[in-house]
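Novice: The task is to assemble the complex, starting from two chains supplied on their own in separate frames and drawing on the hints.
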Amino acid sequence: MIIGEQKPIQDIIGSLGDRKDVRILVVGCDSCMTVSLAGGKEEVRDLVSDLTAHSRRKGLGWRVKGLTLKRQCERRFAEGISADVQNADVVISLGCGVGAQSMSETFPERRIIPGINTSNMGAPEKKGVFKEKCMGCGRCTIDRTAGICTLARCAKGLQNGPCGGSVDGKCELYPEIDCAWHQVYTILEAKGELSEAVEPVPPKDWSRSHSGGVRTVRSKE
Amino acid sequence: MEGTSILKEKLSRGEFIVTAEIAPPKSASADDFIARAEKMRGFADAYNVTDNQTAMVRLSSLAGSVMCLRMGMEPIMQIVCRDRNRIAMQSDILGAHALGVRNVLCISGDHQSFGNQPDAKNVFDVDSTQQIMIFRKMTDEGRLWGGDEIMNPPKLCIGAATNPFGTPMGMHMLRTMNKLAAGAEFFQTQAVFDLDRFDEWMEGIRKQGIHKKAGIIVGILPLRTVRAARFMMNNVPGTCVPDTVLKRLTSAADSSAEGLRIAAETIEHVSSQEGVAGIHIMPINWHASVGQLVNMTGLGPSP
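Protein chains in written order, with the working numbering: chain R, 1 to 221; chain D, 222 to 524.
Since the hints were derived computationally from the structure, they do not count as laboratory data. These numbers come from a predicted model, not from an experiment. Hints are not guaranteed to be accurate.
Okay, derived cross-link-like pairs now, SDA-like style, lysine to any residue, Cα gap no bigger than 20 Å in a straight line [said to hold, decoys possible]:
#1 R/K131 with R/I113
#2 D/K342 with R/S211
#3 R/K204 with D/S334
#4 D/K342 with R/I142
#5 R/K191 with R/I142
#6 D/K342 with R/E132
#7 R/K170 with D/Q429
#8 D/K247 with D/D340
#9 D/K342 with R/H210
#10 D/K468 with D/E479
#11 D/K428 with R/E189
Chain D on its own, in the form it takes in the complex (with noise of 0.2 Å):
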């Protein structure tokens, strides 16, 4: 039962926070995720290990979460509700837990019909918001759901996924509110483009005091094509990326730099808005483009 949460430390703290994603390969092999892992390795506070993203299936969030550990990173195991009933999800609580796990981000998880098994039957017994309620129960009660008592009980770090540009905006934000209600600790938010809609959506944050009571890290996702950027938009729904970013990828001579200072240019304003606690890397295959990003803006974890 040793061992406490960093990130829920350095959001208590008010410390900038710096979370990288860590997607797991379609691997049986412990060597294909480490190598990942590796080239992200010292650049983070904690990293997001997802849970079978976009419906496909790849090595489980849990092992992806105890492999970072062993490599000294902080793991954030993030949980769809998509394939988990409630008892599967509290007995990987409870196995995540007694791993060395301390940090869980909840989600609905993409549809099955994105994925590379789109035949297959969806659970959905809970949503994302019931899911913090139940790992609630379990950290703040000690208890089950159904209320039985347990017997070391887990002390999670609870976190929630939220999206500034779904639109109607005062609809996703009475959702965030909803997840917050519910008991996040912290948000990840989807990666950010438009930061003229980022403002406003952290303007009604700020409005309904969220980011005082949970921490706001933004999604970051480098771009390394203009193809990239058109595929992002196309893909992954609630996405938008404004014709500037588009143009100037397009006119850059090297379009991966240019990418990068996107990215960078993102960070450093974000992270000058009132009420942001951290950004969120997702490197979605460019995975040195974390460790570039950090030392680009300088925002390397403090030890």
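Extracted from the complex, chain R is given alone in its bound form (with noise of 0.2 Å):
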């Protein structure tokens, strides 16, 4: 899934700047934003009832309101909302950046404020913990490490091993995070496989990551 955080709020309200009498719609999306804990129904309903406190404060008079779509990437949801949005004047996305940018798409005469910081591609550790796993280089080769993806879980991408700042099973960058080559090496130990560790990997083939272009998938008929 897309793992992404909400931007803090004083970020959002910045972008809004102190127009007054500005009709606002929040849009959430049901999917990935609501597993991250970013965009989802509840966080919807809080960013309104900021955004209202906000205002009346300020006395800005914004009209503030929300809704989720069930996936706000595909264009199909978001054109179930088109009544909302024509009575909107800023649509302020808490999707992901695939889903805020299908808003663009979708209503391109509105103006879109993303309200979220969209990361990587992940999975939830534990309640309100997400850690990144893939970075879509578009061939992969998880086969060979252990099932572990060393180029978006080591800091450095390494494709053949540690570098030397792995201590104790740890990154050299943050003592939280877990150094991925010491997991690959954990498992292929425990499989007796270390000594596939050795043969060296050669250069990759980067052509169907985004270095060869921004990608377009089809799927087979």
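Specialist: This is the structure we're talking about:
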């Protein structure tokens, strides 16, 4: 799933400016941003109430409304709220960067303010903690590394083993981050497959990653 | 295309190697680089020119290496994977070789968050093992990684870094074997302070026969103060300075003299170990220590 976090309220208010009598529509997403605890029904409700309170304090006369879409990234769901969007001057998207763009594409005449900082493709680790797992390189080879993507989960994206800074299983950058290569090593050791880690892995073909240009994926019929 | 690597020749003859590290300054003046290099000139067989180490922007390793050559000092040009993709790396190698550089040290590079441009985007198109593979192909097959033939291919002596104190040791040993399999001809290690742990690591190196295929050049870092020792432990990932060393530095009347003695003892200890091909002195800002250590240990380079 996509992991994101809500922008600080001051950033969102900063984007709105101090124009008076604005009609604001906050659009959340029932999919990834709900799981991310960043743009689901609860977060939409909270943002609506925070913006309303701000408007009241400053005497701005904002009318703030909120709703969520099943999947904001799909235009067919966005099209279903066109009446609400027509009645708003500004839309704050609490979808991921993809969702916010699908709003922009569906409603090109509306100003769409992103309310989420989209972070990565990852998974919930425990309640409220999300970790990056995949970087969308276009050529998955995790079978070579005990099912762990070292491109996404090593700070340097190393493909042949740990850097010299891996100590006691921790990344040299932040002690809270596990060294991906240490995890690979632990699994391979348990399986008795350590010798496979010696074989040099040649430079990667990045042509199917973002480096190869903006990607269009077509599913087979 | 003249000139071969003195380092490679000495390694193949099994002569004890002394290398020293020159950190280029944050300066656009050759004089500032030369002033540093001058303090070490004549004391080592070859001189590593670091590539924006700890992710601090400095004069480039290629330019520094060429300045070394002009001073009659053989450079080991360091290239990190953090800042260059394979296109830039290969281009720099062609250019460096054309200007006389014959040795290269392949390293991942410290993460940019440690440096003075923490907002930078890193590259890591290839890692240090893959960097070795690319330079090997250029040297051994006369081809670029993409396959094109090189008009006049480089003849490089290719090295890599290894940390004897990374834990678990077995994991880091595998990484060293991986770099060896990719074609590293020599290894330069992180600074050694803990001799017991170093011996244990060296035992592992011998057990795997790594020392028979690549020269093991052991990192020596003279500590001037106990503060410097603590700084190393806190800021250089994977560094371990044992309490005995800290105590000696603390209680010494002249801590820099004591630091030199500790470094000289470390040199004597490691050079007596089977399979150690040489030492690599990292003076940080204490440039004069290179000559002092070489003189103290009688390790002056052979003519």
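Novice: Determine for every hint whether it applies to the structure shown.
Specialist: Results for each hint:
Proposed proximity of R/K131 and R/I113 is contradicted: the alpha carbons are some 26 Å apart, above 20 Å. Of the supplied pair hints, the one linking D/K342 and R/S211 holds, its CA atoms being roughly 14 Å apart against a limit of 20 Å. Under the criterion of a C-alpha separation no larger than 20 Å, the hint pairing R/K204 with D/S334 is inconsistent with the structure, at around 24 Å. For the hint pairing D/K342 with R/I142, the CA-to-CA distance comes to about 24 Å; that exceeds 20 Å, so the pair is violated.
The suggested pairing of R/K191 with R/I142 holds, with an alpha-carbon distance near 16 Å, which does not exceed 20 Å. With a C-alpha separation of about 18 Å, the suggested pairing of D/K342 with R/E132 holds against the 20 Å cut-off. Proximity of R/K170 to D/Q429 is assessed by CA-CA distance (about 26 Å); at most 20 Å being required, the pair is judged violated. With a C-alpha separation of about 19 Å, the suggested pair D/K247 and D/D340 falls inside the 20 Å cut-off, and the hint holds.
Taking the CA atoms of D/K342 and R/H210, the gap is near 15 Å; set against the 20 Å cutoff, the hint holds. Restraint check: the Cα-Cα separation between D/K468 and D/E479 comes to about 11 Å, which is no more than 20 Å; the hinted pair holds. Note on D/K428 and R/E189: the hinted pairing holds, with a Cα-Cα distance of about 19 Å set against a maximum of 20 Å.
Consistency with the previously given hints fails for numbers 1, 3, 4, 7, ordered from lowest to highest.
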